[in-house]
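All chains, full assembly: derive it from the sequences and hints.
2 protein chains.
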Amino acid sequence: MSCNWGTELWDQFDNLEKHTSWGIDFLERYTKFVKERADIELSYAKQIRSLSKKYHPKRNREDESRYTWFVAFAATLQQLNELAIQREDLAENLNGQIVCELTRYTQELKAERKSHFQDGRRAQQHIESSWKQLESSKRRFERDCKEAERAQHVSNKIDLDNKTDGEKARQTAQQKQQAAEESRKDYVTSLNQFNQDQHQHYHTLVPVIYQRIQDMEERRIERIGEAMRSLAEAERKVLPVVSRCLDAMMEAAESIQPRKDTRQVVEVYKSGFDPPGDVEFEDYSATMRRSISESSYLDNRTEERRQSRKLWPFIRKTKLLFLGMRVECAPLPSQGKLG
Amino acid sequence: MSCNWGTELWDQFDNLEKHTSWGIDFLERYTKFVKERADIELSYAKQIRSLSKKYHPKRNREDESRYTWFVAFAATLQQLNELAIQREDLAENLNGQIVCELTRYTQELKAERKSHFQDGRRAQQHIESSWKQLESSKRRFERDCKEAERAQHVSNKIDLDNKTDGEKARQTAQQKQQAAEESRKDYVTSLNQFNQDQHQHYHTLVPVIYQRIQDMEERRIERIGEAMRSLAEAERKVLPVVSRCLDAMMEAAESIQPRKDTRQVVEVYKSGFDPPGDVEFEDYSATMRRSISESSYLDNRTEERRQSRKLWPFIRKTKLLFLGMRVECAPLPSQGKLG
Numbered sequence: 001m002s003c004n005w006g007t008e009l010w011d012q013f014d015n016l017e018k019h020t021s022w023g024i025d026f027l028e029r030y031t032k033f034v035k036e037r038a039d040i041e042l043s044y045a046k047q048i049r050s051l052s053k054k055y056h057p058k059r060n061r062e063d064e065s066r067y068t069w070f071v072a073f074a075a076t077l078q079q080l081n082e083l084a085i086q087r088e089d090l091a092e093n094l095n096g097q098i099v100c101e102l103t104r105y106t107q108e109l110k111a112e113r114k115s116h117f118q119d120g121r122r123a124q125q126h127i128e129s130s131w132k133q134l135e136s137s138k139r140r141f142e143r144d145c146k147e148a149e150r151a152q153h154v155s156n157k158i159d160l161d162n163k164t165d166g167e168k169a170r171q172t173a174q175q176k177q178q179a180a181e182e183s184r185k186d187y188v189t190s191l192n193q194f195n196q197d198q199h200q201h202y203h204t205l206v207p208v209i210y211q212r213i214q215d216m217e218e219r220r221i222e223r224i225g226e227a228m229r230s231l232a233e234a235e236r237k238v239l240p241v242v243s244r245c246l247d248a249m250m251e252a253a254e255s256i257q258p259r260k261d262t263r264q265v266v267e268v269y270k271s272g273f274d275p276p277g278d279v280e281f282e283d284y285s286a287t288m289r290r291s292i293s294e295s296s297y298l299d300n301r302t303e304e305r306r307q308s309r310k311l312w313p314f315i316r317k318t319k320l321l322f323l324g325m326r327v328e329c330a331p332l333p334s335q336g337k338l339g
Numbered sequence: 001m002s003c004n005w006g007t008e009l010w011d012q013f014d015n016l017e018k019h020t021s022w023g024i025d026f027l028e029r030y031t032k033f034v035k036e037r038a039d040i041e042l043s044y045a046k047q048i049r050s051l052s053k054k055y056h057p058k059r060n061r062e063d064e065s066r067y068t069w070f071v072a073f074a075a076t077l078q079q080l081n082e083l084a085i086q087r088e089d090l091a092e093n094l095n096g097q098i099v100c101e102l103t104r105y106t107q108e109l110k111a112e113r114k115s116h117f118q119d120g121r122r123a124q125q126h127i128e129s130s131w132k133q134l135e136s137s138k139r140r141f142e143r144d145c146k147e148a149e150r151a152q153h154v155s156n157k158i159d160l161d162n163k164t165d166g167e168k169a170r171q172t173a174q175q176k177q178q179a180a181e182e183s184r185k186d187y188v189t190s191l192n193q194f195n196q197d198q199h200q201h202y203h204t205l206v207p208v209i210y211q212r213i214q215d216m217e218e219r220r221i222e223r224i225g226e227a228m229r230s231l232a233e234a235e236r237k238v239l240p241v242v243s244r245c246l247d248a249m250m251e252a253a254e255s256i257q258p259r260k261d262t263r264q265v266v267e268v269y270k271s272g273f274d275p276p277g278d279v280e281f282e283d284y285s286a287t288m289r290r291s292i293s294e295s296s297y298l299d300n301r302t303e304e305r306r307q308s309r310k311l312w313p314f315i316r317k318t319k320l321l322f323l324g325m326r327v328e329c330a331p332l333p334s335q336g337k338l339g
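These protein sequences, in sequence, are chains S and Z. Oh and the first sequence: position 196 is 196 in full-length UniProt numbering, straight run, nothing missing. Oh and the second sequence: position 227 is 227 in full-length UniProt numbering, straight run, nothing missing.
Keep in mind that a hint or two might mislead.
A pair counts as met if it fits within one copy or between any two copies, since identical chains are not told apart.
[Unchecked claim] Think about it this way: if two alpha-carbon atoms lie no more than 20 Å apart in a straight line, the pair counts; the simulated SDA-like pairs of lysine to any residue are:
1) K18 / R122
2) K110 / G225
3) K54 / S43
4) K46 / A84
5) K18 / T164
6) K32 / E88
7) K54 / L42
8) K168 / Q152
9) K146 / Q171
10) K46 / D274
What the hints contain is simulated information worked out from the structure, not anything from laboratory work.
Structure below.
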């Protein structure tokens, strides 16, 4: 089947005008669609970015970066920010590559369409005026024929009655006949002109204009297809980056080492003190016996041990630290020997 | 380096309490983070879905589904809706698999942590009361020794002056000596008990409790890691589906055939009429000549041609349709023959 608008749709000016107008409406609608899509991406990116920012560590507690789980979370937030950047880039591409270009293209297309339909209307006006010319010369010919016929009648009738009047009427009839002949020539000229115009109109002008409209329509559709491909392509380009971000998040999650973290806690908090040894006996009865056997050997030995041994903190602080809990308590008695 | 909290951090009860509390804070913070992430996905999905719905065709104009560009756009919207569904599923997975589970786990963890630190406090109370027992028996021994010593002094002094009083004082001194001996035994018992308690405290109870706290902390970190992996995994699962949606969008865009669409326009609008042929000559002078040569052959032939020929529309409608434009106009004259 032929699909040439110029030959197939020669009588569908109004419908083509409507159809191409609908096409441009769609183009504008599609542009708006992509714009709204870009806005959604932008708002999504904004939310993701502020989520990442909100949870970003403020380093106000322990030096958190020494713990693998903490570092992993920071890395996740970093990747999340990367995702936001990707979405922003996508939105920018949609706006720049598609929305802007389609908006500009739509303006061009509107201008082109207007010009084609103006050409159509001009051709229409030309054939109309050619038609009017034909009509008017045809009517003149019709009128002149009638008048010539009437004059001939009169002449024929008078001719039988009166020679002088008959001559005059015959002259009038001859003049009318000549005028009719002139009108006939005019009419034939107008008719030939109209038929020539009409042929050119339907076989050259209209086909050319409609062919241009069809080309324009095909370019519009081609352009829609391109925009749709660009849209899908722009989103596709994001995928590998998103995939890398997710890989990095996964790696971060897998880099978490609970054992290493609890070892870090030891490094941070270990006091270096040993747990207290046995409390020694304090022999208050010693003074009683000292009179019998004076000996400072054991006392001296205790003193030596106390100095060589790493002190545990609550001796210095005069506080008891069982299990690391601070408990207000009487100072430990000075250590003595078990008697 | 050893990383055993039970032996390395025996004196860091307060710090471990703070550190594990911070760990639980983080868990809650992370849960909140995932919740907010899911909310963002849900809001994004909602926007995408309503965009798809908003632009979905309402079939109010021509039967649009006959055009490839229109079908392609509908397919794009369909895929967009599919993307929204994927995002909703993602949000649901984040809420269900991560947020709910972590919330439940955090409650369990809080209960477990509380129980470990209660055990710690109980052990602390026990060693404190053992210490108090030791202190009190030591003081009693100290007092009794002093009293015995004083009684011995008195007895020694009196012994030299008065035999009767001396005997009484000696008996008192002996009783005091015995009481001191009793206190000494008590003190030794308390001391042994305390040293035994203290040894058990620092070498069994504390190590066991702190080891449990460390295990708990390592499980918490492990769990954080799992949650982070789940988060990345849940997002990763979406990628192939998104990729398929984008492939489908690309296919839709590539299925656009401008030539096919303009051929469709021909099918929709073609009237089937041929463009008008030449307008024929109407010979108003014929009646004048008919008297000379009467012949209806050409008129009849014209009539035949008019009936066999497919009429073009403006003849029937008494309207002129040049280029398909409706123009109010005089009816075409009945066709005659060129004379």
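Hints and how they fare:
1. K18 / R122: Only inside one copy: K18 and R122 sit 19 Å apart there, 89 Å across copies, limit 20 Å.
2. K110 / G225: Close inside one copy (18 Å), not across copies (58 Å); limit 20 Å.
3. K54 / S43: For K54 and S43, both the intra-copy (16 Å) and inter-copy (18 Å) Cα distances are at most 20 Å.
4. K46 / A84: This pair counts as both: shortest intra-copy Cα distance 7 Å, inter-copy 18 Å.
5. K18 / T164: neither (70 Å within a copy, 144 Å between copies)
6. K32 / E88: within (18 Å within a copy, 25 Å between copies)
7. K54 / L42: both (18 Å within a copy, 19 Å between copies)
8. K168 / Q152: within (11 Å within a copy, 194 Å between copies)
9. K146 / Q171: within (16 Å within a copy, 181 Å between copies)
10. K46 / D274: neither (54 Å within a copy, 61 Å between copies)
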